[in-house]
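Novice: As a plain string of letters, each chain reads:
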Amino acid sequence: MRIGVVTFPGSLDDSDAARAVRFAGADPVPLWHADHDLQGVDAVILPGGFSYGDYLRCGAIARFSPVMTSLVPAAAKGLPVLGICNGFQILCEAHLLPGALTRNSALRFIHKPVRLAVENPETAWTRAYAKNQELLIPLKNGEGNFVAREETLDELERNGQVVVRYLDGAPNGSSRDIAGIRNEAGNVVGLMPHPEHAIDPLTGPSADGLGFFTSAVKALAGTGA
Amino acid sequence: MSDKDTIEVAAATGDQAQPHKELGLTDDEYGKVREILGRRPTAAELALYSVMWSEHCSYKSSKVHLRNLAPSAVQSEKLLAGIGANAGVVDIGQGYAVTFKIESHNHPSFVEPHQGAATGIGGIVRDILAMGARPVAVMDALRFGAADAHDTARVLPGVVSGISFYGNCLGLPNIGGELAFDPCYIGNPLVNALCVGILKHDDLQEASARGKGNKVVIFGSRTGGDGVGGASVLASATFDDASGKSAKRPAVQVGDPFMEKILIEACLELFEQGLVEGIQDLGAAGVACATTELAAGGDGGMHVTLDDVPLRDSTLNPAEILMSESQERMMAVVRPDNMAAFTKVCEKWDVEATVIGEVTDDETLTMTWRGATVVKIPPRTAADGGPVYSRPMSRPAALDALQADSPAKFPRASSGADLKDTLLKLISAPELADKSWVTQQYDHTVRGNTVLAMPEDGGLIRVDEETGLGIALATDGNGRYCKLDPYNGARLALSEAYRNVAVTGATPTAVTNCLNFGSPEDPEVMWQLAEAVRGLADGCEELGIPVTGGNVSLYNQTGSNAIHPTPVIGVLGVHPDVRQRVGAGFGTDGARVILLGETREEFGGSAWARVLHGHLGGQPPAVQLDSERILAAVLAAGASSGLLASAHDVSDGGLAVALAESCLRGGRGCDVSLTGDVFTDLFSESAARAVVSVVPGREEEFASLCTAHGLPAAVLGTVTGDSLAVRDVFSVTLSDLRSAWEAPLPALFG
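If you're matching them up, the sequences are chains A and B in order.
So the first sequence is residues 1 to 225, counted in my numbering.
So the second sequence is residues 1 to 750, counted in my numbering.
For the record, the hints were derived by calculation from the structure and aren't laboratory data.
In this text the structure is predicted, and so the values were computed from the model without any measurement.
Treat the hints with care, as some may be off.
Here are the simulated SDA-like cross-link-like pairs (lysine to any residue), alpha carbons at most 20 angstroms apart as the crow flies [unchecked claim]: (1) B:Lys435 - A:Arg2; (2) B:Lys348 - A:Asp37; (3) A:Lys218 - A:Arg2; (4) B:Lys344 - A:Arg2.
Label pairs and their calculated CB-CB ranges [what the hints assert, rightly or not]: (5) B:Pro696 - A:Asp168: 44 to 52 angstroms; (6) B:Ser406 - A:Arg115: 28 to 36 angstroms; (7) B:Gln273 - A:Asn132: 46 to 54 angstroms.
Each residue gets a CB set at the ideal place from its N, CA and C atoms; glycine is no exception.
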């Protein structure tokens with residue numbers, strides 16, 4: 001099982017995402033922003049960081065990179081894609097997910113472990129969890145305030161597209177305490193908290209995040225990929 | 001006029017007046033430059049000497065004292081590079097080496113807090129990179145004026161946002177540091193940044209230009225007009241009241257952490273492919289410093305075509321190009337046959353790289369601009385030949401009175417209610433209160449190897465995932481102790497940093513330092529500096545660990561008001577297996593709580609004297625370096641045998657504050673009994689102590705370990721419940737402690 005991890009200039013949590021893939025029992029494959037070639041991977045992770053220095057707007061430049069021109073059609077065909085933090089921002093900019101991430105309501109970078117509830121365990125990235133399972137995962141961002149039009153938010157709720165929700169209120173001000181969402185098909189998931197930093201209690205607040213990565217492994221095994 | 005000022009013009013117009021004083025050179029120093037060159041310097045040469053001979057770059061006032069820090073042969077066993085290199089390099093075993101250094105960015109952080117602090121991180125990270133290492137973590141030791149002072153509300157949030165902005169975007173975990181307040185730092189905040197990097201022994205890089213015909217390449221950001229004269233005019237002079245902040249603002253640089261991130265990745269790939277013969281970061285004094293130091297460190301000659309330096313502002317003249325402190329630039333020496341591969345790596349990372357000259361063998365640094373020679377100097381005269389001053393020193397006239405003014409005169413709490421009140425006042429003082437307001441703005445998780453970070457005593461980073469090898473780091477300083485006695489104050493700072501590394505289970509191995517003082521032109525400040533350096537040197541000798549490098553920041557004074565002498569000491573420890581790390585929090589119900597070390601009645605410079613009585617006087621606690629060594633040995637053995645459930649250093653605020661912190665960190669209470677004078681037991685700041693909790697069932701083993709080392713170990717009680725209870729004295733619930741501890745910083749800074 002091979003899971004690609006994209007490195008953009010300014011990606012920071014790419015080695016952590018690769019480690020999480022390894023912990024989940026799959027092989028991480030480094031993908032480079034300037035290549036169109038997805039190297040036949042079974043799934044792709046867009047990691048956290050500050051791609052292109054977050055110039056203009058978080059994710060706004062990364063969405064135009066060569067690797068994205070291959071990833072967008074592949075995602076439309078069902079390739080599992082997980083965007084974490086900056087990766088979530090890129091997925092929104094690329095219109096693979098609705099809404100946008102804006103500056104935290106307190107106008108400061110926030111880093112702390114947050115409690116989340118898994119609301120939808122039926123995506124490619126959450127099927128290792130039970131519905132309403134509680135997770136403790138680090139949040140670290142300056143622009144993680146999820147916003148969308150009211151109709152879009154209603155639709156996300158109605159379709160079960162809210163994947164994870166903050167349990168103690170959104171520290172960054174996100175609408176309806178939404179921490180992560182999926183596309184309609186359920187193969188593309190984006191979230192602000194960092195599950196790859198909660199795979200080992202030695203270096204994180206818990207191992208609760210590992211399920212995102214084992215989910216993908218399970219999903220892919222299930223489809224015989 | 002400087003664009004016409006060639007060496008021929010200079011030779012022909014020897015009498016022409018030059019602005020050497022405005023650039024920070026004294027008449028004598030200017031005379032010495034003329035003597036070296038046998039003519040007046042050109043404008044470009046004058047600029048070059050003025051920055052290279054500045055206090056900031058040349059250490060001219062501190063050099064005679066810093067010689068004392070050269071490590072002895074025994075200490076140097078593990079040193080792969082020491083003082084004088086961009087940063088010291090220490091062998092940590094398994095083929096790994098670590099390089100670390102702490103540096104000040106005090107003056108810029110006062111003038112423009114956000115950019116000043118941000119570029120402080122950027123600068124120290126490039127120092128570490130220049131050694132061939134991958135930077136893996138940063139720390140910040142911050143000191144501000146009174147927490148409720150008007151200007152602190154401007155400086156502190158700016159400094160913290162600058163560190164957050166730059167460090168987070170760079171992808172380096174911020175694993176610890178300090179936050180202190182004292183009115184003496186108003187107008188002169190201390191912003192000291194530490195960076196640590198990891199390399200394999202073979203990866204070590206040199207800052208030298210060797211091999212005639214090799215190319216000199218500048219890469220990274222373009223050179224702009226920012227930071228011109230930062231090292232000389234800004235960092236090497238005091239702020240006088242009139243000139244103020246705005247006049248010096250252009251001397252502060254502006255940082256771009258994204259550029260630094262791709263520069264790091266490009267450099268590491270260049271190192272990996274063996275494409276670099278020598279490398280130097282561009283920090284203080286920019287191109288002037290990098291070219292002279294590379295040339296001086298190598299065969300001694302270099303030719304540079306200044307027209308080829310890529311500029312952001314095409315109107316810059318040669319002097320400005322030399323002095324600019326634009327950030328995110330590096331200079332490498334590259335073999336001509338490697339240039340194509342070098343360029344390819346830089347292009348991959350979108351880093352601009354330009355050949356600006358080559359190595360020569362004529363012992364001369366020449367620079368041309370628009371076809372004429374504007375610099376022609378022997379490079380070692382600028383890099384190593386600067387003035388060295390033995391400045392006059394005198395013991396401060398007021399010191400005897402200060403030391404005689406003991407806090408023994410103040411009333412001490414004796415009833416349970418008053419003792420509890422004293423504890424609550426201490427943990428709600430801004431310097432002892434919860435620092436989350438600051439630390440939540442820093443990423444301490446990125447790279448996935450952070451095992452311990454603030455509010456733990458020391459930061460702990462995993463180096464090898466297979467073996468668990470790791471490194472621990474702590475910084476400490478106590479300006480108040482140093483004000484009372486700079487010699488022992490420096491040894492106490494060393495002592496505390498050593499202990500903070502030891503409580504994680506690591507073995508302290510090497511020392512870096514950032515010496516923050518007032519004006520060297522004040523004999524009393526010079527005496528403080530000399531005493532502190534002597535204390536640090538003696539302390540390192542006694543502990544058997546070497547100083548691997550450091551930084552001196554002088555002129556931290558406004559008018560005649562100097563800061564407290566504040567040596568900040570960083571200690572690096574080696575952890576054999578980070579899976580055996582020990583944290584500060586009480587986490588195991590029923591674990592026995594033990595106080596290690598001896599408590600004496602020591603309140604001079606204490607948190608109690610400051611917070612309860614606004615007092616500074618008397619003698620600081622006695623230094624106990626032998627006891628520190630024993631304590632560290634017991635902590636390391638206890639950790640590796642899995643005996644310790646927690647370990648926390650006892651320092652500011654004494655045992656009472658240490659217990660409160662262990663309770664709050666672990667979310668569990670404790671029930672303890674004290675046998676001596678209760679006030680002294682609770683609040684004295686005697687050195688060489690730690691409070692530990694022992695894994696249930698292992699008590700006897702731990703007791704024998706302490707006996708074997710001759711370490712006093714007093715059983716205080718057990719971890720239990722949800723209150724901090726001192727039997728027959730007072731009990732305070734964790735929720736009351738937590739509210740008192742968490743409230744102050746958000747109330748002050750929003």
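Novice: The structure should be examined with respect to each hint, and the outcome stated for every one.
Specialist: Okay, the hints, checked on the actual structure:
1. Taking the CA atoms of lysine 435 (chain B) and arginine 2 (chain A), the gap is about 42 angstroms. The hint is violated against a cut of 20 angstroms.
2. For the hint linking lysine 348 (chain B) to aspartate 37 (chain A), the alpha-carbon distance of about 16 angstroms falls within 20 angstroms, and the restraint holds.
3. At roughly 13 angstroms between alpha-carbon atoms, lysine 218 (chain A) and arginine 2 (chain A) fall within 20 angstroms of each other, so this suggested pair holds.
4. For the given pair, lysine 344 (chain B) sits about 29 angstroms from arginine 2 (chain A) by alpha-carbon distance, which is inconsistent with the 20 angstroms threshold.
5. The hinted range of 44 to 52 angstroms is not satisfied by proline 696 (chain B) and aspartate 168 (chain A), whose Cβ atoms lie roughly 32 angstroms apart.
6. Distance hint for serine 406 (chain B) and arginine 115 (chain A): a CB-CB separation of about 50 angstroms, inconsistent with the stated range 28 to 36 angstroms.
7. In this structure the supplied range 46 to 54 angstroms holds for glutamine 273 (chain B) paired with asparagine 132 (chain A), their Cβ-Cβ distance being about 51 angstroms.
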